[in-house]
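The primary structure of each chain is shown beneath.
Number of protein chains: 2
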Amino acid sequence: MSLTTVKDALDIILNNTQDFGTEIIDFEKSLGRVLKENIVADRDFPPFNRVSMDGIAINSEAFKNGQTCFKIEGIQAAGDAQKTLKDSNNCLEAMTGAVLPKNTDAVVQYELLKIENGIATLQTDAIKDFQNIHKKGLDRKQGDILIKQNTKISAAEIGVFATVGKTQVKVAKQPKVMIISTGNELVEVAEKPADFQIRRSNVFTLVAHLNNLNIDAKTAHIQDDKEILIQKIETYLNEFDVLLFSGAVSKGKLDFIPEVLNNLGVKKLFHRVKQRPGKPFWFGKKGTKTVFAFPGNPVSTYVSCLKYFYPWHQKSVGLNLENENKAILAEDFYFKPDLTYFLQVTLKNIEGKLMAIPVSGKGSGDLANLVDADAFLELPDDKSNFTKGEIFPIITYR
Amino acid sequence: MSLTTVKDALDIILNNTQDFGTEIIDFEKSLGRVLKENIVADRDFPPFNRVSMDGIAINSEAFKNGQTCFKIEGIQAAGDAQKTLKDSNNCLEAMTGAVLPKNTDAVVQYELLKIENGIATLQTDAIKDFQNIHKKGLDRKQGDILIKQNTKISAAEIGVFATVGKTQVKVAKQPKVMIISTGNELVEVAEKPADFQIRRSNVFTLVAHLNNLNIDAKTAHIQDDKEILIQKIETYLNEFDVLLFSGAVSKGKLDFIPEVLNNLGVKKLFHRVKQRPGKPFWFGKKGTKTVFAFPGNPVSTYVSCLKYFYPWHQKSVGLNLENENKAILAEDFYFKPDLTYFLQVTLKNIEGKLMAIPVSGKGSGDLANLVDADAFLELPDDKSNFTKGEIFPIITYR
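Quick mapping for you: the protein sequence lines, in order, are chains S and F.
All residue numbers for the first sequence refer to numbering that gives the first Met the number 0, where the first residue is 0 and numbers rise by one.
All residue numbers for the second sequence refer to numbering that gives the first Met the number 0, where the first residue is 0 and numbers rise by one.
Hint data in this document are derived by calculation from the structure and do not stem from the laboratory.
Incorrect hints may have been included.
Where chains are identical, the list cannot tell them apart; a pair therefore holds if satisfied intra-copy or between any two copies.
Said to hold, decoys possible - Result set (DSSO-like, lysine-lysine): computed pairs, CA atoms no more than 27 Å apart in a straight line:
1) Lys231 - Lys101
2) Lys217 - Lys151
3) Lys325 - Lys151
4) Lys347 - Lys151
5) Lys352 - Lys6
6) Lys382 - Lys127
7) Lys169 - Lys314
8) Lys28 - Lys175
9) Lys191 - Lys135
10) Lys70 - Lys325
11) Lys28 - Lys172
12) Lys387 - Lys325
13) Lys35 - Lys191
14) Lys288 - Lys266
15) Lys134 - Lys63
16) Lys335 - Lys127
17) Lys28 - Lys151
18) Lys352 - Lys387
19) Lys335 - Lys134
20) Lys101 - Lys35
21) Lys325 - Lys352
22) Lys113 - Lys140
23) Lys217 - Lys169
24) Lys113 - Lys127
25) Lys85 - Lys252
Note that the structure is predicted; figures quoted are calculated from it, not measured.
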């Protein structure tokens, strides 16, 4: 059976993304979600000529006429309605964040003043028009688009939502995802396994991977029994948008997943990818339902989710797929098979360069080894000798 | 009043970190937290000689004696108790993840077999001892430390917890944080501000920044009234470990925070830092209570939290402070004042190099500008001309 290249596999997956619609949520809960509306300035920013230093507001004509001492008429504090300087030869103390008082056009900061007996005396020879004033509408005009839709929401966007009064925002709805383990050798985390058993772990790493995308996935375990598999998977296909499997996609006698999915009408789009780890990866679709069936080895499942599910999700919710990140191989490395190799590495930022240092592991079963690494360097399938200093795509997970 | 340098300010902050103890939580909820115990292998990994390819398990003596056809005695599936190959000249089919059957020491994968009428015939001339067998204890030995304490928990660690049966894990307890805005010009997000008012936004960006550290912070607003400030802040100092303020730390007539904190016995460790934005930043401590009083301009608060609170928190919970990340300035830049400048930039990974491209903004009041950037490049205070290609520390927020 011929293998699909990594590039073709990813292309097929990205040609099968899915729009899951939108929902309205509280802006305070929107961190990490993808915005699905343009956010528009509800008024000018700043909304008024805003004092940007603490000091006195004056009418600069008085200064131009040679005046250096100003009687203080009062205070314009932040949060006060706009006051008026009554006598152009006087001044008002004005605080950062306050509206610039009427009949004034410059603010002189306290650092350049001496104040005694209600008189402020300038300690400077130069005053510019509108100095220390953040002019109305300078940053943004009412009606300007402040945030475009399809932006991933960070703390910065949350601040803008608050500023324009968007208590609720429209975001991309998340797919409903079911993560399914199979394999009679697996027992629950709380159980003590017999000598020939191991605990379930892949579903939990997948849940964590999806948590990082703000998806709350469900999990299930199904024994290696074809009838039960058919019955349960049929139910899950009805209830969920995406099924992620871990295991039972290779050549074993009990590797029923491809057959069962086929029986249920899920169309195989590829099976077996020219990569290590994760060669037996199966991907298919039934109507609007998408099935990623990852191989059961822990490292295979782990890297395949990052390499394939992540970009599928990003494109599905409307994000531009980020520019491919790359890193620089820090040591010579040799890998003979004619497969794309996902090399486990630690990443170091050395003077602005991302250096990828190989971590030696014991193969795709060695889950503990993932703890010692930060990322996978994607080494192409068309060569065996990889030389220190060469640059390859990097998939990070910390 | 003399300014504290950015380096001294950070040193003082890092000399005033705080251990908040530990707590036990479900492993499934531990993503992003900091582990506070060593995680030890409860048995060898793999826990048995594990078949790593689907195929047949044979006794290699038979092969060495020239045998190439093996009668299939049965199947050793994953999850079966260990079987025994009865006749050394026969074989057992053996599945990935299964225990290696007794009386066998090599697995030949299906790809190298022809199976007809219950007889498997080898299509290969070479069989190595223990081929396709992941030997018991090869990855890790019982009692080995798999994860060291003070590790930040990613999906990889979650998988290891599951594997060793750690349903609950000990993690660093988070500080209780109260985020307080002041300023009579501020109204709630849901309100329509008058011409001279603006909505509260800094507390929400701070909440989001802290969410990224897995801290659920509370928020409050206090009017610019010295008596009310004293009364409320006293209560918060009793109830919380950390107070974050935004605003009222500069030279304005209503900038009561430094005075109020002093009255309440919070010891000032510095006030005013040689930086832009964020010069009026005030930091102090009272017993085990820590107070970060950031300036009220949105960009000042935003960058100060990332530059100062983040490393304070990381050291407090026991993380090694990561190697300082750096990026490469992509365009010449000029900044005259004798201050460390936090330049807003977008980051691009170009062939493994992190390039920082300046984003022109309108100063520290321009919150919307944060939306157009990804990071701050920290330009030192001892020069004014920054040249394309020079390397500086980078603070990212996406």
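Against the structure, the hints:
For the homomeric pair Lys231 and Lys101, neither the shortest alpha-carbon distance inside one copy (73 Å) nor that between copies (35 Å) is at most 27 Å. Taking the shortest Cα distances, Lys217 and Lys151 sit within 27 Å of each other both inside one copy (24 Å) and across copies (24 Å). For a Cα distance limit of 27 Å, the shortest separation of Lys325 from Lys151 qualifies both inside one copy, at 21 Å, and across copies, at 24 Å. In the homo-oligomer, the alpha carbons of Lys347 and Lys151 lie at most 27 Å apart both inside one protomer (26 Å) and across protomers (17 Å), since each shortest distance falls under that limit.
Taking identical chains as interchangeable, the C-alpha atoms of Lys352 and Lys6 lie at most 27 Å apart whether they share a chain (26 Å) or sit on different chains (24 Å). Only between protomers do Lys382 and Lys127 lie at most 27 Å apart by alpha-carbon distance; the minimum there is 26 Å, versus 66 Å within a single protomer. Proximity of Lys169 to Lys314 under the C-alpha cut-off of 27 Å is restricted to the intra-copy arrangement: shortest distance 17 Å within a copy versus 37 Å between copies. For the identical chains of this complex, Lys28 and Lys175 are neighbours both inside a copy (19 Å) and across copies (19 Å), given an alpha-carbon limit of 27 Å.
Taking identical chains as interchangeable, the C-alpha atoms of Lys191 and Lys135 lie at most 27 Å apart only when they sit on different chains, with a minimum of 18 Å there against 68 Å within one chain. In this homomeric assembly, Lys70 and Lys325 never come within 27 Å of each other (Cα to Cα): the closest approach is 63 Å inside a single copy and 51 Å across copies. In this homomeric assembly, Lys28 and Lys172 come within 27 Å of each other (Cα to Cα) both inside a single copy, at 13 Å, and across copies, at 22 Å. Both within a single protomer and between protomers do Lys387 and Lys325 lie at most 27 Å apart by alpha-carbon distance, with minima of 14 Å and 21 Å respectively.
In this homomeric assembly, Lys35 and Lys191 come within 27 Å of each other (Cα to Cα) only across copies, at 24 Å, whereas the closest approach inside a single copy is 47 Å. Taking identical chains as interchangeable, the C-alpha atoms of Lys288 and Lys266 lie at most 27 Å apart only when both belong to the same chain, with a minimum of 10 Å there against 60 Å between chains. Proximity of Lys134 and Lys63 under a CA criterion of 27 Å is satisfied intra-copy only: 21 Å inside one chain copy versus 89 Å between copies. For the homomeric pair Lys335 and Lys127, the shortest alpha-carbon distance between copies (18 Å) is at most 27 Å, but the shortest distance inside one copy (70 Å) is not.
Within a single copy, Lys28 and Lys151 get their C-alpha atoms as close as 13 Å, and across copies as close as 23 Å, so both meet the 27 Å cut-off. Taking CA atoms no more than 27 Å apart as the test, Lys352 paired with Lys387 passes in both settings, with 14 Å inside one copy and 15 Å between copies. Taking CA atoms no more than 27 Å apart as the test, Lys335 paired with Lys134 passes between copies only; the shortest distance there is 23 Å, against 65 Å inside one copy. For the identical chains of this complex, Lys101 and Lys35 are neighbours neither inside a copy (41 Å) nor across copies (60 Å), given an alpha-carbon limit of 27 Å.
Within a single copy, Lys325 and Lys352 get their C-alpha atoms as close as 10 Å, and across copies as close as 8 Å, so both meet the 27 Å cut-off. Taking the shortest alpha-carbon separations for Lys113 and Lys140, neither the intra-copy value of 37 Å nor the inter-copy value of 75 Å comes in at or below 27 Å. When the C-alpha separation of Lys217 and Lys169 is checked against a cutoff of 27 Å, the pair qualifies both within a copy, at 24 Å, and between copies, at 24 Å. Proximity of Lys113 to Lys127 under the C-alpha cut-off of 27 Å is restricted to the intra-copy arrangement: shortest distance 19 Å within a copy versus 91 Å between copies.
Taking the shortest alpha-carbon separations for Lys85 and Lys252, only the inter-copy value of 21 Å comes in at or below 27 Å, while the best intra-copy value is 93 Å.
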